[in-house]
Each structure stands twice: as structure tokens, then as C-alpha cells.
Amino acid sequence: MNAPRKLPLAGLLVADFCWIGAGSYTTKIFGDMGADVIKIETSTRLDSLRLAGPYKDGKPGVNRSGYFADRNSSKRGITIDMKHPKALGVIRKLIAKSDIVANNFAAGVMEKFGLGPEDCAKMKPDIIYLAMSMQGSKGPQRDFRGTGSSIAALTGIQYLSGLPDRIPAGTGTNYPDHLPNPCHAAFALLAALRHRRRTGQGQFIDFAQTEPMLSLMGPTFLDLTVNGRLQDRRGSDHPWAAPHGVYPAAGKDRWIAITVMDDAQWSALVDAMGSPAWALEARWQTMPQRYRDREELNRLLGEWTAKQDAQELMQKLQAKGVPAGAVQDAHDVTRVDPQLAHRGHWVRLPHAEMGESLYNNLPFRFSRTPVQPTRPAPLLGEHTREILRDMLGLGDAEIDALEAEQVLK
Amino acid sequence: MTSTGKAAPAALEGLRVLDLSGPMGNYTGKLFADMGADVVLVEPPGGTQLRREPPFIGDVAGVERSLNFAYQNTSKRGICLDLDTASGQQLFRDLAATADLVIETFAPGWMDARGIGYETLARRRTSICMASITPFGQTGPYAQMQATDLVGLAMGGLLHMGGYRDAAPTQAHGDQAFKCAAMYGGVAAMLAVTDAELTGQGQHVDISMQESVTLALENAAQTYDLEGVIRQRPLGDQRFAGYGLFECKDGYIFLGSRGIGNSPAWSRSMQWFKDEGMVGAERLLGPEWSDLEYLKGDEARDVFAELFMNWSRQHTKAWLYSEGQKRGIPLAPVSTPADLLENPQLQARGHFVPFTHPLLEQAASMPGAPYVMSGTPWQVRRPAPALGEHTVEVLNEIGVARDEVSRLVSMGVAA
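Chains as they are written, first to last, in the working numbering: chain R, 1 to 409; chain B, 1001 to 1415.
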């Protein structure tokens, strides 16, 4: 057997100024994959996820948020007040050792601290600098502000998701924060690291948190620019397949997704239903016919699904080759689903204030390298002293003095 | 390209990627290709599934007309190989002996059954990586279950959160479960390639669409774990009075003026409404408007909606966005795709880039760089390949002579 290998990003140092959603989820990927990610925070302006629930036992506290914890696994944390005149001297030492500087502040904030991309390149000539502001670093609206909810609205995912005759629903979440922005930012950083390995050169990644979401909807824009069609919300309809939708199941707010992508799958579904007379009618036998009258078809199918358990029905339909899935809620994915359990997706890590609490693992497995978060989220300022002393070479007396002067708040 | 001077370097130059994937993975290949990797799309002789997906140019179906295909396969070359034939499999193995990464989305076991699985390919080239993107992963009780995008959203838990509380959940627009798998597929593949470049040893990467979707659950899993509460779909347009979606003259806006305590957004909004002479604004000034419980209630939401929308319906998305931002209020338009094409910030960044296609007389626009990189810019290197466009060229590169390629084509092995 091969010995377990080093994690792919072992040896990399990330000076992580990210906070809240998208930025912290980007650097989590780096921490989980072996980079030493130093999360730089201040108690004078807390990462607002530390103040957002859920909390351990429902009791608020800066070290008790599960929302914060999940986004900050495998990182060490320091506190330093960048508005203090002595902070820059300390941070400069960290950046001089770092491979990556990452932030998702509003455009211009890092420059005010003396930590813009050019400043950091002077501290470390081959630095890779990721700035993930909402609108990017240049342009007439670069100072327009917002949060994940604004980004979901601004990028179109909100408008395009939901029912056509109702107010746009979106995904019910700040979706761009969770995958589109973190994954694209991580990919860009990994590409920049490769370029640096080959040439010795760092670079500046000017990342606008609006753009990856658009990149994921290319065909929607091409339908407009080529065909002149402005797409709209369409519920759970498919562009050409029917039945395709979300149908009621037994219980309160329980549903099943059923998708029939060809005539063979329709026959299999009819068979699973016990070949009721309505389903055998000629009008349902071809895709264009089913699609045209899909509203009626959905109603008829929903009458059949409504009294059945969603998980059992999924198994029954899958056994016949019909793509179907129970609409799983947070209980189902964390406690019921045997596949996520098989993959070890949910990881419990011991945390000083939260006990054993729940983290997402990354959604991939390697054949040789373990993929699993390596430590729980840092307490506020947990590693300040160890990092200043062991990594940046400050003496205990120096650290005490900085503390006394309120620099390390 | 006719640009003068030296072309900018490409971050992924010199990487060779074989992209065998369908709709769950073509975007992964695009991430590599637009950053300069040599990505070869390997299609069956009839073409890959995405060629059959709308929208089509002029709404007419055809293997060269899918805009979905054309978008997700920019910057790639394309060849056709029949991997169900022994000679097709042999050609693929020869090609993989020159490759750094294979991206595939077949059911678990499909590649092995054809003698082109990871272990076989790695025997000839130890540094090769394979990214296998599947609905549920390579092993486990659901590994052989079938999934569409909607099923991926459902099983990953995101579908339950989208839509309206009084109706069935609704899907996210644009095949986002496929995209979740493709994005994490790209990150995972890039990590494996990084490791292979450092150690000389590649590995097999197993990416699950369902698992990728769970990363989109915001705080729902932790909310259940820590507080025992299952997050529901949003109640309606406003989460709190003053926080949510509102109608305006030409559509909707998002307003984030949650009035807790002395929230600056709330006091700035009040000042704005006063300056604008909004009728009835004084009704929002009482002490109850600082009470979160009151703001969650129907009365507060109804009062706010009535007052605000009587005013906002007189103004456009763009005006409200610009005026709200001037006052430091988190307000954003609920953009349509048409709004985004005209968005001045995206225009200034040059976000939309030309889309060229042999069937179009003029270039159209499509989304461009998802990130602006100073040293190694994102760039569309070529339009998506026509069916079999580079078969001769790519097979020549691995030493298959032109007449041999003709023979393979006549046998149906290549196209």
C-alpha cells in the first residue's frame, strides 16, 4: 500500500482577509486541501457570520455559529485591527511569507490599509492577489455595495427561478456565494499558482462577484443575443421533456422530482403506476404530445404520487430506470441519505465551544490523497500569539506590547 | 487573431485534457480550455448529448446548431471516436498516453468495461489524472441511480429551499446541479493536476453532483444539526419588513433595509423616503419599527409594502439602484438577461465577448471572463468544434497517418 500522500496544497501560505460568505468558502477549499490559511479578523468589526445563526444550543456567541464554522474549517485565526497604525508592520511580515493574499472586501478597502495589490507585490514580488469585491476593482459602479442577496438579484438567477406568474423566487439562498464564486475563485488561484510554478511570476486576480454567475448561464444569454428570446421563469418545467417536475408525496411538505427524458422511460413509469387507463391513452405516447399537455399530465401524475412515501417511490422508479429523486430537506441529507453517509460527506470536528459539530466535506474524493477538513474553525483570535511568535518571529514582550496598545484586537 | 505584439501567456498552457463528458462536465473542460489548456472534446460519431440540447440557432435542431453546446465547448478542439469498438478504445489509450487529464461523466464502470479506466491509462502514463463526474459518485448504494439536473437539485437538498412556501419547490435556472458538479469537478481536477505536476503521480478523482449541491445549502444543514430546525422555503417576498423584493415601474428590485436597532441602511432609507416626499413615510418612524419580531409580522410587512410600492412603482430599477447606492442603501435590481447586457459596470469591464459561429453572419454576445487575471488573461481561443473538425489533426499528432484515419472513418471508428 502507498503511504497517505501529502495534501496537494501542503506548504502554501494564504494571508486570508476574507469574511462572510464567498471569500471564506474559497479559502476553506485551500485549508481543507492542506494550505496553511491564516484568517485575519478583528473584534472591532466582526465577520458577520460569527453573529449569524445557527448557534450551538441556540445560544449566540462569536464562537458558536455553525454558519461561520462550516466556512472556516482547516484555518488558523488571528485578530488584528488594521485601522491601528502599528498593524501594517505586523501584517507586512506575514505577507512577505505568503503565497496568496485573498480578500472579499468592497473595492478600495485593502488599499486604505496599505494592502492593495501593488502594495503587496512590493512586500512579496511573486504574490498572487485575489480581490473578490462585488463589482470588481474598476468601472463606474465599482463602489456599489451589496451582500449575497443583492448579488442573487443583480445576476439574474433570482429573476429566472420560480413561477412565471409570481414574484421571482430565486433559489431561496444566496446561491452565487456558495459555489459559483468560491469555485471560480479557487480555479483562478490554482491556475495562477501553476503559472507561478512555471515562470516565478505572481499576478492580480480582479474578481467581480457578479461575473461567475453569468458565466454559468451562457446559453440563456445566447438565446437572447442570437434568437432574440428573453427567457423567463418556468417553474420546474424542462425545455422539451415531460413529465418533468416536482410532485407531492405523503406527509407535510414532502415532494418527489420525476423526470422522463424519453419514451422508454415513459413506458417504465406507466408500468410502475400499474398501467392505469389514462396513461395508456394515445395522447401521452410521444414526447411532443406529453410536453404540449404537460399541465394536465403533471396533475394526473401528482394524483398518483401524493399518497406515497417519497423515498420508497424514488427506489421503485429508479429500479425501473426512471430518473427520480426525493426532494430531501436538511434532515434527510444529514441523517437519512445513505449515499452521502457512504461518502463521508458530513464531518464532525471537535470545537472548544461547540463540541462536535457538523461540517461539509469537499464534494470529491481522490484515489491517493485523503480529502477531509483538518481542523475546526478557529475561535476569534485563537492563534494570534502562536502565529506572531512562531511564524513571524515576534518575541513575547513585543506581542504583549502590541496587545497593550490594542493592535491585536 | 490579429492583435499586435506578443500574445499574453496562458496559465494552463501545455496541459492536454481529453474531455469525454456530457452536460455534467462540459463546463469543466471549458474552464481549462479558456485558460489555455489544449482540451480535446472526444465525442461519439453521432455527436455528444449537448449537441441535442436547446436553445438552437433559429430554434431549428441540428448537431451544429445548439447554443448550449457552442457555449460550453469554447476553446476546445473536437474529435469523434467510437469507444464501443476495440480500435476506438486503442486510439483513445494512445491519445491518453499524451494527456494530463481525462474528464468523463459516464456511469461508474463504463470506462473500465471498455479498457479505458483510470488504472489502465495510468499504467502507460503515471502522471495522468482522471476526473469522473457522476450523479452520486463511483461507489455506494446510489452509485448506479440515474439523475437529471432536477434530480440532482432534489437529492442534494437545494430544491427543497427554492420557490414558495405554499407551492411545490421550483428548480434553479440553468441546470445548476450540473453546474455545481462541473465547477467542483474543475476545482478537484485542477488540484489533482497540481499534485501530479509536483509529484509525477496522477490520481483518480471521484466527483459527486449530489454532494456538490449540498455545498449550496447555506446554513441549512447546520441549522438542523445545532438547532433542530429544518429551513423552509421563504415565506414570501419580504423576509422582514423592508428586506426583500418589491415591484417597481419596470420589474423588481431587492431592498436590504432591515430595520433592526439603529441599522444604518434603515435610517438612510428613512431619510431617502422623507427627501423624496414618499406618502405616509412617517408611519415607519414609530418605536415598533426597531423591533425584529414586529418586522417579521404580517402587519409590518403589509404596511411597508403598501407605502414603499406606491412610490417605487413610479421609478425604474436602474434609477432606484443608482439613487439607493448613492445613499449607501443595499439595493439592487432584479436583473433580467436583457438588463445585464446593458449593465454599465459589466460593459466597462468588457464582460460580454463576441460569440462567433459559422451559421451566424454577425457575432453575437456571450458571457466572457469569470475572472480578470493580470498575467494570464481568460480568453476564448476558438469557437466550439464542428463535429469531427479536428479528428485528422489530433490523430496525426499521435502518429496516425491521414490514410489510416480515412480507413478508420470508413469503418465508423472515427468521424
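For the record, the hints were derived by calculation from the structure and aren't laboratory data.
One thing to keep in mind: the hints can contain errors.
To be verified - Now the stretches of chain R that chain B is said to cover, found in silico as 3 or more residues with beta-carbon under 8 Å:
hint : stretch
1    : 67–77
2    : 103–112
3    : 136–143
4    : 200–212
5    : 336–349
As the list claims (entries may be wrong) - Dumping the calculated BS3-like pairs for lysine-lysine here, alpha-carbon to alpha-carbon at most 27 Å:
hint : chain 1 : residue 1 : chain 2 : residue 2
6    : B       : Lys1296   : R       : Lys252
7    : R       : Lys112    : B       : Lys1326
8    : R       : Lys59     : B       : Lys1326
Ideal Cβ positions, reconstructed from N, Cα and C, are used throughout, including at glycine.
Hint-by-hint comparison with the structure:
no. : hint                 : verdict
1   : 67–77                : holds (count 3)
2   : 103–112              : violated (count 0)
3   : 136–143              : holds (count 7)
4   : 200–212              : holds (count 11)
5   : 336–349              : holds (count 8)
6   : B/Lys1296 - R/Lys252 : holds, 23 Å
7   : R/Lys112 - B/Lys1326 : holds, 20 Å
8   : R/Lys59 - B/Lys1326  : violated, 37 Å
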